[in-house]
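Engineer: Protein chains in written order, with the numbering used here: chain C, 8 to 319; chain S, 698 to 1196.
Any given hint might turn out to be false.
[Stated by the list, open to error] With the Cβ distance kept under 7 Å, some of the chain S side facing chain C (calculated, not the full set):
1) Asn-770
2) Gln-771
3) Gly-772
4) Ser-956
5) Ala-959
6) Leu-960
7) Pro-965
8) Asp-971
9) Thr-983
10) Ile-984
No lab work stands behind these hints, which were simulated from the structure alone. Glycine included, C-beta positions come from ideal geometry on N, C-alpha and C.
Listed below, chain by chain, are the residues.
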Amino acid sequence: MLSRVANNLYWMGRYIERADHLARYSKASYFSSLDAPILKTFDRNFVLESILYMAGIFDMEQINEKDVLYKIGLDAQNSNSIISNITSARENARGARNAISTDLWEAINKYYHLVTNYPQETYLTTGFYDFTQMVSDQTSIVTSKIFGTLLHDGEYAIILIGMHIERAIQIIRIINSKLHDIYKIEQAGHTVTELSFEWTNLLKCVESFDMNRKFYRNIPNREQVLEFLIVNPNCPRSISFSLRGLKRYEKNISRNENHDINTISYKINKLCGQYDYLSFDEFKDDIYGLLNNTQAKVLEISEDFEMKYLSF
Amino acid sequence: MQQKAVYYKTFDMEMQATGLMNTYKLGNSHYDEVFKRINEPKSHYQPIVECFNQLSISDFERINNEVKTAFFNQGITFAVYSDEKKPDERIFPFDLFPRIISNEEWTKLEKGIIQRNIAINLFLDDIYHKKMILKDKVVPAELIFSSKNYLKEMDGFSPVGGIYTHISGTDLIKHIDGEYYILEDNLRCPSGVSYVLSNRMALKKSLFDLFNKLKSKNVYQYPEQLLEVLKTVKPKNVDVPTVVIVTPGMYNSAYFEHSFLALKMGIPLVEGRDLYVEKDFVYMKTIHGPIKVDVIYRRVDDEFIDPLCFRKDSMLGVPGLMNAYRAGNVTLANAPGTGVADDKAVYHYVPSIIKYYLHEEPILNNVHTYHCEDPSENKYVLENIDKLVVKPVDESGGYGISIGTTLSKEEIEEVKVKIKSNPRKYIAQPIMSLSVHPTFIEETKEFEPRHIDLRTFCLMGKNTEYILKGGLTRVALRRGNLIVNSSQGGGSKDTWVLE
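Chain S with its partners taken away, still in its complex shape (with noise of 0.2 Å):
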C-alpha cells in the first residue's frame, strides 16, 4: 500500500507540468495552420491542443522515443551509407502533432484532384492517339514531343478501361492567403503511402486519447481499395486475375512501401527477376513452376521494365514485357508514357487541360509557372531569379531546385548559365509561402513552425475512383527549409481529415 502512495504523489507532480504549447510562437509571414494567434488555437485544433497541453515534456520524450524505437524495429527506415561497412540505420522523422484537415475544406480538395486527374487521364488517351489538344494549340504539340517520357511505344495503344493514372500523387501547399495550391502532379510511381498509414497506427498506439477527441475519417482502406483498383483493369478473358507488386528489390528506397503495399493487399511481391514472358504472357518462377501474371503494379520507372524495349542494361525489368503488355495480355500500372502529363513544363498547362475536356473551370489553383522557353517569361525569369523558385522539369525528390531569395550573387548567375544553355529544361514559379505547422524539435525541446505541404493519394480503376482521405502530410524540420522531401531531411505528421 505504501508504494502506491508513492507511485500517485509522482505521477501528481509530473501532471502539474503542463503547457507543451505554451512556448510556441507563431511564424509571422507564414499561414498557421493551427493557431490564430499565440495561445488561440484554430477551432477544429482546439482539444489537440488541449491533449498536449496536459502532458509534460518528459511525458512527451518517452512517448517520442517509444515511437522511434517502434519505427526502428518495425525497419521503417532509410540507409545511409558511409566509409565503414554497415550501413547507419534512420528512421523517417515522425512528428507526433497531426494535421487535422476540417470536412468542408477536405471536399473541395477531393472533388479538385478527382477532377485534375480525370483531365489528365484524357489527355494522356489523347496524346497517344487522335492528339486533338495539340491541333488546336491549346497545349504546343513540341512541348509533348520534346519530352524524354512520351513514349512512342504507347502511340495508338488503349490500355483497359481507358485508365493510364490508376495511382497518382497529388502535391498540395497552403499559402499565406489560407488557399490551396497544387505544387506538382506525381503519376509514375508516387511513394508515400505506406507511411500514411503507418504515421496513424503509431499515433493511435502513442497518443490515443486524441482519437477520443476528434474522429478523423480512417485510412486502412487504401491497400483494399487499391486491390481492387488493380483488380477493374485486368486483361480481356481473364477471370480471376493474378496481381503483383514489381519492385526493383529490397535496395531500393521505396522498398519498405513496396512490402508493405504486398503484405496489406496479400498479393506476391516480385522483382523483373522473377518474371519471363512466353508467347506474349508474363510468368512468375514459382516453387511448383510457372504462374501466369495478369495485372502489375509496378514501381520500376519506365525505362527499367523492358530492356528489350527501352534500356538495354536493365537488370531490373523483364525481357519482352511491353510486346505482352501491347497484345493486351498484361496490365501494367500506372500505364508506361505517363511522365509526359507530369512534367514540370506541362504542369502549367493543366487548367486549360481541365477546361479543353470537362468544360469546368478547375477547382484547385495552380502556382503560376513561367517557362523558360517562351522568350518573353524567359527574359522575366533571367531578371527576377532572386524572387523565383527555378526547377528543372524532369527532377523529382526536390533535387536540382533554386530557391531566389537563398542565393549569392554568383549562384544567381550559375541558375543563369543553367537556364541560357538549355531553356526546355527549367521553369519558374513565385515562392509560395508554404504554410507552418506546430512541430516537435528535439534540440530546443519546443514546438516550433515548420514548413509543410500535403501529398494526396488518389486511384483510379475502370469506372472508379478513391481517394485516400488525408494523405502524407511531410515537414521540413531544417528551420526556414522549404524542401519537404525526405530525401531532403524531411519528416511527416499523421493527417487527420474530420468526420
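For reference, chain C alone in the conformation it holds in the complex (with noise of 0.2 Å):
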C-alpha cells in the first residue's frame, strides 16, 4: 500500500469518527438541556458552552444559540464543524479512491452530498435533530460498508486504526468536558438525583447509555459511569476498547515482532497493559490526571504512526 494512500485512508477514517462524535454530543447536550433540571440554576448558554467546548471552538466572543448550531455543523469555514469533517473524509476517500471499495466510496460520497446539500435554513430552525441523526445513521452505514465490503488487511487496519485513535481522543474530551460541567454544577449544589440526569447525559453522549444501564442494572452515578467509559473493556465506546483496537489493528501491518522500548507496538501495548489491570479505586482520586496521560500517550502513538507509515 502506498504511503500517501495510507496517509488518505488513516484521515478518512479519523473524521468520520471525528464528525460522528461531534454530532452526538451536540445532539445528546442540546436535546437534554431542554428540560433540564439545571436550568434552575444555569441558563441556556451553559449547554452551548459546553458543545463549543466539546468542538474545540474558543473564539466566540458573544454566544447566541443559532451561531453555534451553524458554526459547529455548517460553517465550512471553521475547521471543526460537522461539514468540514465530512469534506475532509471524503477528500481523503477520494484521493485512495482505488484502494476502497466502491460501495464505500459510494455511501462516502452520498454522506457528503447529504451533509453539504443540507438546507441551512432547515437546520438552524427545525432540522437540527434530523441533521445530527443523519450524520449518525450515514456514519453507521459507511462504518457497516468498512467492515463488510472491504479485504480485512492492510486498508482496512490503518482506517480502524485512524477510527481508533480518534475514538480514544473523542471519548477522553467528551468526559472531560462533561466533567467540567458536572463540576460547575455541584458547586451551584444541586441534588444527587439532579447530578444523575448528568450523568445520564454523558453516557448518551457516547450512546452508551443502555449498555450502562445493562451492564449495572442501577441508575447512572459517578463511579458506575467513569468506571464503564473508562475501563470497561466490552463497551465499544470506552477508552480501554479503543486502545484495544488500536493494539489489534496495528498489529495487522506492524512486520516489527521484536517489541523494543520505543517502537509503536511496545507503546500501545504498554497503554494496553495500564488499562487492562486499572481499578476504579486506582484514577477516582485523580481522573484529569489519568485522562490527560491518556491522551498525551495516544497523541505520541499517533504521531510516530504518521511517521512511521504515512510519510511519502
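Since each chain sits alone in its own frame, please combine them into the complex, following the hints.
Structural biologist: This is how it looks when you write it as C-alpha cells:
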C-alpha cells in the first residue's frame, strides 16, 4: 500500500469518527438541556458553551444559539465543523479511491452530498435533530461498508487504526467536557438526583446509556459511568476498548515482532496493559490526571504512526 | 386488498400514456441514425423504439432522475468553480436512448481501426529510427521535425514489442452519405472509457428490458484486456510485473477515470510524488518501504513526466523517469512522443501512411484536410473560411475550433489573421454533417435530433490487439452544436454493437 494512500485512509477514518462524536455530543447535550433540572440555576448558554468546549471552538465572543449551531454544523469556514470533517473525509476517500470498494466510496460520497446540500434554514429552525441523526445514520452506513466490503487486510487496518485513535481522543474530550460541566453543577448545589441526569447525559453523548443500564442495572452514578467509559473492555465506546482496537489493528500491519522499547507496538502494548489492570479505585482521585496522561500517550503514538507509515 | 386494486388502476392509467417517440421530428439535412421517416425506425432500432414508446413521460423522467442521482452518488461528476467557496458538482449528461451499431457495420469499423493503428505504430517506429517515410517524401520531414510533440529523446529508442500506442482513441463521425469518416486520432492519453462502462451499467439498471429485446456485445472486458496488454510489454528480466497507473491527482478532470481503471484492474493508482528513481529503476513508496515498478500506464502528458528531461517546473512527474525508461527498466504506456502522430496536420497523411507500410487501401475514410502551410491550399482556405472548419493542429478538447457557417464577417477576418500569422498551426476541413440521434431534451421534455460522434478504444500490446466493442458516443446537447466534447456542453450515450 502506498504511504500516501495509507495517509488518506487513516485520515478518512479519523474524520468520519470525529464528525460522528461531534454530532452525537451536540444532539444529546442540546436536547437533554431543553428540560434539564439545571435550568433552575443555569441559562441555556451553559449547554452551548459545553458544545463549543467539546468542539474545540474558543473564538466566539458572544454566544448565540443559532450561531453556535451553525458553527458546529454547517460552517465550512470552521475546520472543526461537521461539514468540514465530512468534506475532509470525502477528499481523503477520493485520494484513495482505488484502494477502497465502490460501495464504500459511494456511501461516503452520498454522505458528503447529504451534509453539504442540507438546507441551512431548515437546519437552524427545525432540522437540528434530523441533521445530527442523519450524521449518525450515515456513519453507521459508512462503517458497515468498511466492515463488510473491504478485504480485512492492510487498508482496513489503517482505517480502523485512524478510527480507534480518534475514538480514544474524542471520548477523553467528551468525558473531560462533561466532568467540567458536572463540577460547575455540583458547585451550584444541585442534588444527587439532579446530578444523575447529567451522568445519564454523558452516557448518551457516547451512545452508551443502554449498555450501561444493562451492565449495572442501576441508575447512572459517577463511579459506574466513569468506570464504564474508561476501563470497561467490552463497551465499544470506552477508552479501554479503543486502545485494544488500536493494538489489534496495529499488529495487523506491523512487521516488527520484537517489541523493542520505543517502538509503536511497545508503546501501544504498554498503554493497553496499564488499562487492562486498572480499577476505579486507582484513578478515582485523579481522573483528569489519567485522562490527560492517556491523551498525551495516544497523541504520541499517532505521531509515531504517521511518521513511520504515512510519510511519503 | 382494496389498496391493491387502487394500485392497479393507477398503473393502467399510466400505461395508456404512450408514444414518447411520436413527437420526434427528423433532422432534415442530416443523417438520422434511428429513423428512416417519421415514426418509422430502421430495423435494428425497431425493438428499442417500441420499448421507449411504451413509457409515459412521467415514467421516463423518473428513471432519468434516478440515473442522474446514481451518477451523482457515484461521483461521476466534474466540478464547476465559481466565486463561492464550494465548487458546484455536476454530472456528465447521460442520454438513456442508446446508440446501436449493427454487427456488419462494426466489423468493418473494427478492421479499419486496427489497420489504422498498426500503420500509425509502424510510422512512429520509423520516424524515431530509420525515417524511411520521410526520406521517401511520403510525409514531409519538416512537418515532423517542426512538431513540438516530436521528442528527440525517443530517437533511436525501441520500446518493448515495438509498441508506442498501447491505448489509442480513434474518433469517427457518420456523414450524410451514411459513411463513417475518421475525425481524429488520439494517441496520447485518450479518455472516456470509464464512461462507456458506467453508461452501460446505468442503462442496465434503469431500462433492463431493452436488453431482452436486443443482444449487445459486452464492454466489461476492457479493464482486464488493458491489464493483459500492459503486462505483455513488461521490461526484460521481469517475471510478474508490477503495473501502476500514474495520475496527475484528484483535481485532474479525468481523475474519476484514473481511479476507476485502477480499481477495475486491481492495480495501484499512484501520483508522481509516490514514485522515485534510483539507479535507473523506478520505485513506489509504500508503508513497508520501496517496491519496484515495471509498467506505468501514465495519464500525465509527455511534457510533465520527468522534470529533469522536459518541463522543469513539473510537480506531477518523476525525476529520472526517462533515464529509467531509456535503460529499459520500466515501460511507459503510451510511449513518450506519440503526439507527433495525432497532430491534426499529420492526420492528412494517415491514408498514405497506411499504404506505405501495409500496402493496403485504407478501410476507413479520412475527412479531406487542407494544410494552411501549403501555399495553394492556404489560398483556398483563406477564400473559403465560411464553408470550412478551421482547427489548430495542437489543441484538444474542441478548443480553438472555428466553424465557418457560424462566423460573422469580423470573426472570419480574425480567423484569417490567425492563419496568416502561423500557417503551420492550422488545418481546415469541409464542414462535415455529423449524423443525428434522438436525444431527450429536459427543457422541452421531448426527444430531439442531436449531433453525435463515436470515440473507439483500441489496445495494442506485444503481438496482441483488442478493440472495445462500441465506444463512447458523445452527443452535442445544444441544438445545432457540432462540438461534442464534454468540456463544451456535451453528453454521452450507451453504445451497443449487436451480436
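Engineer: Under the constraints set out in the numbered hints, which ones does this structure not fulfil?
Structural biologist: none
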